[in-house]
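Student: Listed below, chain by chain, are the residues.
2 protein chains.
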Amino acid sequence: MKIFIQKNLNEKKINELFERPAQKNNSTIVIVKKIIDDVKKNGHQSVIKYAKKYDGLNGDSILISKNILVEQAEKINVELKNSIDKAYENIYKFHSLQYPKSISVETMKGIECQKKYLPIENVGLYIPGGSAVLFSTLLMLAIPAKIAGCKRIVVCSPVKNEINSALAYVATKIGIDEFYSVGGAHAIAMMAYGTEKVKKVDKIFGPGNQYVTLAKTLVSNDYNGSSVDMPAGPSEVLVIADKFANPKYVAADLLSQAEHGIDSQVILLTNEIEFARKVLSEINLQIKNLPRRKIVEACLINSFILVVNNLDDAIQLSNNYAPEHLIINTKNFKSLAKKIKNAGSVFLGGYSPESVGDYASGTNHSLPTYGYAKAIGGVDILSFMKSISFQTLTKNGLKNISSTVVKMAEEEKLNAHANAVKVRLK
Amino acid sequence: MKIFIQKNLNEKKINELFERPAQKNNSTIVIVKKIIDDVKKNGHQSVIKYAKKYDGLNGDSILISKNILVEQAEKINVELKNSIDKAYENIYKFHSLQYPKSISVETMKGIECQKKYLPIENVGLYIPGGSAVLFSTLLMLAIPAKIAGCKRIVVCSPVKNEINSALAYVATKIGIDEFYSVGGAHAIAMMAYGTEKVKKVDKIFGPGNQYVTLAKTLVSNDYNGSSVDMPAGPSEVLVIADKFANPKYVAADLLSQAEHGIDSQVILLTNEIEFARKVLSEINLQIKNLPRRKIVEACLINSFILVVNNLDDAIQLSNNYAPEHLIINTKNFKSLAKKIKNAGSVFLGGYSPESVGDYASGTNHSLPTYGYAKAIGGVDILSFMKSISFQTLTKNGLKNISSTVVKMAEEEKLNAHANAVKVRLK
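Protein sequences appear in the order of chains A and B.
Start counting the first sequence at -18; every next residue gets the next number (our numbering).
Start counting the second sequence at -18; every next residue gets the next number (our numbering).
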């Protein structure tokens, strides 16, 4: 992890420094397209075929029955159960406050306009398998889905042998309707298009490897496919810290993000070169004891420390970068927080490590990466709902607005639009 | 426009009837990709090149100055000006009620979680040129952008010769920051990637032809591109009517949607064969006087009337179809409205033609087509904003949650995540 000095760099160099590693899909696109087409054409049997090939499925059934979920959930150790219960409570509390209110207003006499929010009926949640079972992601996706009132919540996760007890516990606690042991692009295709065995969903959520994220992009571009939560890139954190911060804490925060994957990006902006050096030596100390040390070391090659001219510059650089996670560990974090324009989730002060938001503070950990925070926020209740507009006009209401509509429609050369008003008032 | 009878059709036939016409992009994708790559590589000069080729640009400037906008706006006739002012007022009123409230809650003692809504800083609005200038679309996009507080609102529209006075009036009334006379895929590429002359935007809104909508899809799939409002398909209306409705009104509503384009789809569901026949003969009468008769006739080939077993079946079929526009013109429209699960904008009763929502009732006319209403709503204030989560923990707050976070992180084998908590409490 190198240290750079802002005043020694021109604007072009600064921009290059903050450039995210390019995302290339060319090598996987042929494979993923083939899998999707196969599932669209051959349905369930091709899902089973790929599940055997890629997920290590034994037998011909991908459905994990409710009985098995309950049975496995009972095996959870009590300490972990209590931790999940506490996280559940906080996430539930924060997300239920987001439930939207419907709107109703008489815009003119006799013209009532409403906006109602309704749950998306069928949602699919993808939970990666791989080296660790991310039961926390199921909490983050299924709790808002439940609060939103989604009628059917489908989960796909590639389960090796028997389902992890923590994942089973979360699934039973929240009440998942259908749980399938299937992963990869074939799981996404199954949810997006449906098969003889599994009804299609309206929107797919959740992180995944390059095959999963590419499959999500492809099905969301297809008119007969499914919507998706958001585009996915590697996870990232940007830390802004000054000399009042503890270098140990800052080092630990950078390392916690770095263990996500070799393509993660971690950035520290500080206004003191001395502080930058202290953090770097703390990183070199703490890294020694990490089980995922190799991943962390690879990640730190993409990462950097920049000594900025002042903290206002730091905020401006951060706003341009639009980090998924932003930690502000400075004395004046409150005033800096007001200047934030683009970020996914923000952690303020010395006692707010990113990991509390990853698990249990109450906020969601499904967040926009790769600069998408400029345009979209993280997963919330509204991610699982959509709005519908309603209008009801009385005959007088229509009279009041008729000349306006007729004039505008005729100007746009849409005479049949004008007629639909005129015919009613003849 | 054919009449079908529900009880004579099996489920497969019904599904085929409601299938939307396939969207094919294969022939245009090569052209659009080439234009986008050219603009990415060669910037402003290639935008000018395509604007000359496709938009009929004279000279080398695409920027329409504020002076010219004001000058042209003054040429608007007073009746049209008053109509636009009235529409503006209703749209403003309905949309400002949607402004979201920030959330703040102490999920546990010492853990404060917040969700704040901030405007997307740079937005681009695409307004099609072509046979008519859709100034109403500028109202529908720029009013919520302004209420949301977007810092920079860019408009692209291919202007022939001089800018239409209604469009100029709307642009000056709302206060557009930059207005460019450029259309097509090159306008989308310019906004998504930026050039030496035009700074990139964070999100692009607005309808367009197949080149524009494909370009929007492509830039939204590119990590360095831009977000977009929603996927676009042909416009559509589904009308549910019973014998208490006036067949003249229903015919006019179907025709008003049909004049949008030959690929539009209009559907009538009614529980009375006699009523279906009356509507059909009204269509044949009213169609004679329409200036866009050829478009309407072509559209009606894709369209149909279905005589349903009962109105509850009609609602269920409509929920499965998820129409962009839904008109319920029945005696019991209030009770049917409660059963709606998927639709973009709904028009209730005999005096609520779709065209009032297209222009002036107050609701937005940028709506999800092609079944996307199952997962997304129309354009609103939140389309121009994003949320950011914040969390601030005290030392005691961190203590209260520490064992929960450490336990969950270690179970997920993310030890550096656990360390970021532990190091602070040593």
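Think of the hints as simulated: they come from the structure by calculation, not from any bench.
Here the structure is a predicted model, which is why all the values come from computation and not from measurement.
Heads up, some of the hints might be wrong.
Given that identical chains are not distinguished, each listed pair holds provided it fits within a single copy or across any two copies.
[Said to hold, decoys possible] Derived lysine-lysine pairs resembling DSS-like cross-links, with alpha carbons at most 25 Å apart: (1) 97 x 127; (2) 97 x 74; (3) 62 x 90; (4) 315 x 275; (5) 97 x 82; (6) 127 x 82; (7) 259 x 376; (8) 33 x 21; (9) 312 x 407; (10) 312 x 82; (11) 154 x 15.
Student: Does each hint fit the structure? Answer for all of them.
Tutor: Results for each hint:
{"no.": "1", "hint": "97 x 127", "verdict": "both (18 Å within a copy, 22 Å between copies)"}
{"no.": "2", "hint": "97 x 74", "verdict": "both (23 Å within a copy, 16 Å between copies)"}
{"no.": "3", "hint": "62 x 90", "verdict": "between (56 Å within a copy, 21 Å between copies)"}
{"no.": "4", "hint": "315 x 275", "verdict": "neither (36 Å within a copy, 63 Å between copies)"}
{"no.": "5", "hint": "97 x 82", "verdict": "both (8 Å within a copy, 17 Å between copies)"}
{"no.": "6", "hint": "127 x 82", "verdict": "both (17 Å within a copy, 22 Å between copies)"}
{"no.": "7", "hint": "259 x 376", "verdict": "between (74 Å within a copy, 23 Å between copies)"}
{"no.": "8", "hint": "33 x 21", "verdict": "within (18 Å within a copy, 43 Å between copies)"}
{"no.": "9", "hint": "312 x 407", "verdict": "between (71 Å within a copy, 21 Å between copies)"}
{"no.": "10", "hint": "312 x 82", "verdict": "neither (38 Å within a copy, 28 Å between copies)"}
{"no.": "11", "hint": "154 x 15", "verdict": "neither (37 Å within a copy, 51 Å between copies)"}
Figure legend: structure checked against the earlier numbered hints; hints not met, in rising order: 4, 10, 11.
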